[in-house]
Amino acid sequence: LAATAPSSPATPAARAPVNRRVLLLGLVVVASLLAVLLLNLGRDPHTIRSPLVGRPAPAFALVPVGGSAPVTSDGLRGRPVVLNFWATWCAPCLEEHETLQRTASALGRDVHFLGVVYEDEADRVKAFQQRYGASYPSLLDPEGKAAIAYGVAGVPETYFIDAAGVIQAKYGYPLNAETMAENLRKIRR
Amino acid sequence: MKRMAGAVVVMAALAAGAAAQGPGEDPAQVVGPPRGPRLEGAALDARVKEVAGLLRCPVCQGLSVADSPSTMASNMRAQVKELLAAGYDHDQILAYYERSYGEFVRLKPPLRGVNWLVWLAPLAGLLLGAAVIAWALRAPRAAVADVADLPGPDALPADPSLARYVLRVRERAYGWPDGISPARAAASPTAPADPAAGNRA
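Read top to bottom, the protein sequences are chains A and B.
Here the first sequence is numbered in our numbering, starting from 1 and rising by one per residue.
Here the second sequence is numbered in our numbering, starting from 1 and rising by one per residue.
There could be a bad hint or two in this list.
Away from chain B, derived, C-beta distances all over 10 Å, residues of chain A [stated by the list, open to error]: (1) R49; (2) S50; (3) T88; (4) V111; (5) Q130; (6) A177; (7) T179.
The list that follows gives simulated cross-link-like pairs (lysine to any residue, SDA-like), each with its CA atoms no further than 25 Å apart [as the list claims (entries may be wrong)]: (8) B:K49 with A:P142; (9) A:K186 with B:A183; (10) B:K49 with A:V53; (11) B:K108 with B:R172; (12) B:K49 with A:A134; (13) B:K108 with B:V30; (14) A:K186 with A:Q168; (15) B:K108 with A:V53; (16) B:K81 with A:A61; (17) A:K126 with B:P33; (18) B:K108 with A:G154; (19) B:K81 with A:Q168; (20) B:K108 with B:A163; (21) A:K186 with A:G108; (22) A:K186 with B:I133; (23) A:K126 with B:T71; (24) B:K81 with A:A59; (25) A:K126 with A:Q168; (26) B:K81 with A:P142; (27) B:K108 with A:Q168; (28) B:K81 with A:E143; (29) A:K186 with B:N75; (30) B:K81 with A:E119; (31) B:K108 with A:P51; (32) A:K186 with B:T71; (33) A:K186 with A:K126; (34) B:K49 with B:V59; (35) B:K81 with B:P151; (36) B:K49 with A:K186; (37) B:K81 with A:G108; (38) B:K81 with A:G154; (39) B:K81 with B:A139.
No lab work stands behind these hints, which were simulated from the structure alone.
All C-beta atoms in this analysis are idealised placements derived from N, C-alpha and C, irrespective of residue type, glycine included.
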């Protein structure tokens, strides 16, 4: 009852250093998060960063479905190449098929369009091509070596290779007319 | 005749090499000629498991190429086997896949550049935590008074009139004669009620 409050009042001046430290730590955390956000704001989330972009496209020699002589990457030099990894079991591949078909028909003389069959069988590919059309060849990659060399992590994935054989873009989603045109601009200069 | 036989052997070796690499690119163009011994048999199988265990399966969630049942991982295991049999060493094989998939494909990121953070950040966090705990333990606690500073049961205010009032309240509330605690009464039975007594009991 007679107790009096301890005679050490916590003045604002005494607590200030701790608060400033906490404030500084908070500012550092918030500033780091903001920096990450700002750095990535302009980036298209659909663009997959591939270490191969800007580097020579891996070589391949693959036999087309229904063919016998292999198509080699060396034989394609001098013209830009659109290399599309796909499979018949892949629904998004069917979604972009018409875009690929139309563009290949329109630009067939200027640009090589090639499909690479990913984890699928020749018979199914033939049936798919008969049903949905095929204005460009699809190559078989039975051991998946081309897919591995290109860093494929799912289908569809499309690589845009310029006339000198350098990969200029990788697109990892179903292509539409707009994204196709945007990526083609990078290899048709 | 001997020269012809030699040519046949060379061609057979080239054909075997080409068959081993399969269609497509020659890994030597990417990572240079093989630097290790050519492996076979049980030694090869053990090494395949070891190297595949260091590679991330690109189509899986957190599985190594050695552990994944996917077709992609199976293809990669077969390729790792071919590369080891051809004499490519561990570093060359990891570099070959890194060329296509980036550092992502390595399950153990190499100690370079920003990767140091992966190894050092937990240690730094631990040290920081220890420093915070040490600081908190050493900091004076202004809010908690020393036990010696607490007033005893017989403490009275300095003001005599207020002290007399407190003694009366204690008498009524606790039944202490003259408001003096039994402990104090036993210690000095004749002591009069001293307003200042007991403050430092």
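So, going through the hints one by one against the coordinates:
1. R49: About 8 Å separates R49 of chain A from the closest Cβ of chain B, which leaves it inside 10 Å; violated.
2. S50: violated (7 Å)
3. T88: Per Cβ check, T88 of chain A is outside 10 Å of chain B; nearest 15 Å; holds.
4. V111: holds (22 Å)
5. Q130: holds (25 Å)
6. A177: holds (28 Å)
7. T179: It holds; T179 of chain A is separated from chain B by about 22 Å at its closest Cβ, greater than 10 Å.
8. B:K49 with A:P142: Holds, at roughly 22 Å.
9. A:K186 with B:A183: violated (96 Å)
10. B:K49 with A:V53: violated (30 Å)
11. B:K108 with B:R172: violated (78 Å)
12. B:K49 with A:A134: violated (41 Å)
13. B:K108 with B:V30: The hint holds at about 21 Å.
14. A:K186 with A:Q168: holds (6 Å)
15. B:K108 with A:V53: holds (24 Å)
16. B:K81 with A:A61: With Cα atoms ~21 Å apart, K81 of chain B and A61 of chain A stay inside 25 Å; holds.
17. A:K126 with B:P33: violated (39 Å)
18. B:K108 with A:G154: holds (23 Å)
19. B:K81 with A:Q168: violated (31 Å)
20. B:K108 with B:A163: violated (76 Å)
21. A:K186 with A:G108: With a Cα-Cα distance of about 17 Å, the restraint between K186 of chain A and G108 of chain A holds, given a limit of 25 Å.
22. A:K186 with B:I133: violated (56 Å)
23. A:K126 with B:T71: It holds: about 21 Å lies between the C-alpha atoms, which stays within 25 Å.
24. B:K81 with A:A59: holds (20 Å)
25. A:K126 with A:Q168: Roughly 30 Å between the alpha carbons, so the hint for K126 of chain A and Q168 of chain A is violated.
26. B:K81 with A:P142: holds (17 Å)
27. B:K108 with A:Q168: Distance of about 29 Å is beyond 25 Å: violated.
28. B:K81 with A:E143: holds (13 Å)
29. A:K186 with B:N75: Not satisfied, since the Cα-Cα distance of roughly 32 Å exceeds 25 Å.
30. B:K81 with A:E119: holds (20 Å)
31. B:K108 with A:P51: holds (18 Å)
32. A:K186 with B:T71: Violated. K186 of chain A to T71 of chain B sits at ~33 Å, over the 25 Å cutoff.
33. A:K186 with A:K126: violated (31 Å)
34. B:K49 with B:V59: With Cα atoms ~19 Å apart, K49 of chain B and V59 of chain B stay inside 25 Å; holds.
35. B:K81 with B:P151: violated (83 Å)
36. B:K49 with A:K186: With Cα atoms ~41 Å apart, K49 of chain B and K186 of chain A exceed 25 Å; violated.
37. B:K81 with A:G108: Outside the cut-off at roughly 39 Å; violated.
38. B:K81 with A:G154: holds (23 Å)
39. B:K81 with B:A139: At roughly 61 Å apart (the allowed maximum being 25 Å), A139 of chain B and K81 of chain B break the hint.
Checked against the numbered hints given earlier, this structure breaks hints 1, 2, 9, 10, 11, 12, 17, 19, 20, 22, 25, 27, 29, 32, 33, 35, 36, 37, 39; the rest are met.
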